[in-house]
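Novice: What follows is each chain in one-letter form.
Protein chains: 2
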Amino acid sequence: MLSNIPNATIKRLALYRRCFVELDEMGVKRIQSGELSQKIGIDSATIRRDFSYLGELGRQGYGYEVRVVLEAFNNLLKTEDAQSCVLIGVGNLGRALLKYFSSDKFKKRVFRTPVNLIAGFDTDESLVGQCVGELPLYHLNDLKSYIEEHRVTYVILTVPPTVAQSVATSLEGLGIKGILNLSSTVINVSEDITVHEVDLNMELETLFFYVFQKEQAKH
Amino acid sequence: MLSNIPNATIKRLALYRRCFVELDEMGVKRIQSGELSQKIGIDSATIRRDFSYLGELGRQGYGYEVRVVLEAFNNLLKTEDAQSCVLIGVGNLGRALLKYFSSDKFKKRVFRTPVNLIAGFDTDESLVGQCVGELPLYHLNDLKSYIEEHRVTYVILTVPPTVAQSVATSLEGLGIKGILNLSSTVINVSEDITVHEVDLNMELETLFFYVFQKEQAKH
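Residue numbers (the UniProt record's numbering), protein chains in the order written: chain B, 1 to 219; chain Z, 1 to 219.
The set of hints was computed from the structure by calculation and includes no laboratory data.
Predicted, not measured: the structure shown is a model, and the values here were computed from it.
Among the hints, erroneous ones may be present.
Remember, identical chains collapse to one label, so a pair may be satisfied in a single copy or spanning two.
Here are the simulated DSSO-like pairs of lysine-lysine, each with C-alpha atoms no more than 27 Å apart in a straight line [unchecked claim]:
| hint | residue 1 | residue 2 |
| --- | --- | --- |
| 1 | Lys-177 | Lys-29 |
| 2 | Lys-11 | Lys-218 |
| 3 | Lys-99 | Lys-144 |
| 4 | Lys-214 | Lys-99 |
| 5 | Lys-214 | Lys-177 |
| 6 | Lys-11 | Lys-39 |
| 7 | Lys-218 | Lys-39 |
| 8 | Lys-214 | Lys-29 |
| 9 | Lys-218 | Lys-177 |
| 10 | Lys-39 | Lys-177 |
| 11 | Lys-11 | Lys-177 |
| 12 | Lys-99 | Lys-218 |
| 13 | Lys-218 | Lys-29 |
In isolation and in its complexed conformation, chain B is listed as follows (with noise of 0.2 Å):
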């Protein structure tokens, strides 16, 4: 159950799940877990405690099967059906999102992620109707109805910072769980509805903080 699993390892199970994927992919049947710590840049002890919680994964000098793996990810996850999710506000950085998520490899995964992206949402009429990969585009005007008959629980927000908070604020009683704001600026919403914040300029800037402090290390 992920109710007993730490926040910290709670943070690194996407990348795990995204590594064996790939491996799955490449058909690769064993992972040794040094080669998997060297891959992922995760330390093997950190890895052991963290496959600890999806059960019984491994065994000493054998490694990991990658097959049991992704099934241990399906259990953890099977009490959940798929959610889905819309993207609001479809400029470069919405439009990328979309055509990514409609892209044939995303698709074709035996393993896919349990948030689906079915449509995109903007304020821009030449838009409306039009679709991004396969995925339709429309009026904001239309968001609520259509959250409620898709039962959408999932929203991507890729709108600019000044109408961020105005549209999160839109999104408070419609049974929304989960948003991921890329609209660079902090939203505040009710306890209902979990964020997770992904800032392109913080990263490049954390990206800066880690340099410098390894070069002044050297120093």
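Using the hints, position chain Z against chain B.
Specialist: Positioned in the frame of chain B, the structure of chain Z alone reads:
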């Protein structure tokens, strides 16, 4: 000195810095730690501990002076000149980032990020010679000479996953210190280069894991 600051704090520095830049732009002079805590979703004790690494920044009951905190960041970073950065892979995501980093809002900031994005590179001949925002686009063949001439030290990688490793490998030995990897796959480079990876699908999945964990904890 950043070398004395723990990694967990380093991870939060960019978030603090962005928050105070925004407060300054809004004309806010001072903020209470409780208000700050609510704004960015980090508990007050953690904020106080993190800020203790930046110097004497606040007094009990008085809060933090916005300009004082921003100057502390500038001091922390002042031994370092602004670093030049290029983006490789001008698809939708690359284009979104080039636009974002050359936007007026971004350029007019008094307290600017220490990394400057100055150009984009792609293998698509039809893009060469064009600009995105004010940033020029060049052919990937000219990357090496450009990096040497402009003393580029950071790279944002927005190429497709299939070519990410070969592009990353071609960056070895050119003086690159950091790569922000947005190519949705792990890249391996020598230890001289720090890689910070952001995979937006993994971020969506991490959000899902957090929501799922929260729901299970309720039952």
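Novice: If a hint holds in the structure, say so; if it does not, say that too.
Specialist: Hints and how they fare:
no.	hint	verdict
1	Lys-177 x Lys-29	neither (36 Å within a copy, 35 Å between copies)
2	Lys-11 x Lys-218	between (29 Å within a copy, 20 Å between copies)
3	Lys-99 x Lys-144	within (23 Å within a copy, 30 Å between copies)
4	Lys-214 x Lys-99	neither (36 Å within a copy, 30 Å between copies)
5	Lys-214 x Lys-177	between (38 Å within a copy, 10 Å between copies)
6	Lys-11 x Lys-39	both (17 Å within a copy, 22 Å between copies)
7	Lys-218 x Lys-39	within (25 Å within a copy, 36 Å between copies)
8	Lys-214 x Lys-29	neither (37 Å within a copy, 33 Å between copies)
9	Lys-218 x Lys-177	between (45 Å within a copy, 14 Å between copies)
10	Lys-39 x Lys-177	between (33 Å within a copy, 20 Å between copies)
11	Lys-11 x Lys-177	both (18 Å within a copy, 26 Å between copies)
12	Lys-99 x Lys-218	neither (42 Å within a copy, 35 Å between copies)
13	Lys-218 x Lys-29	neither (40 Å within a copy, 37 Å between copies)
Consistency note: the structure conflicts with the earlier hints numbered 1, 4, 8, 12 and 13.
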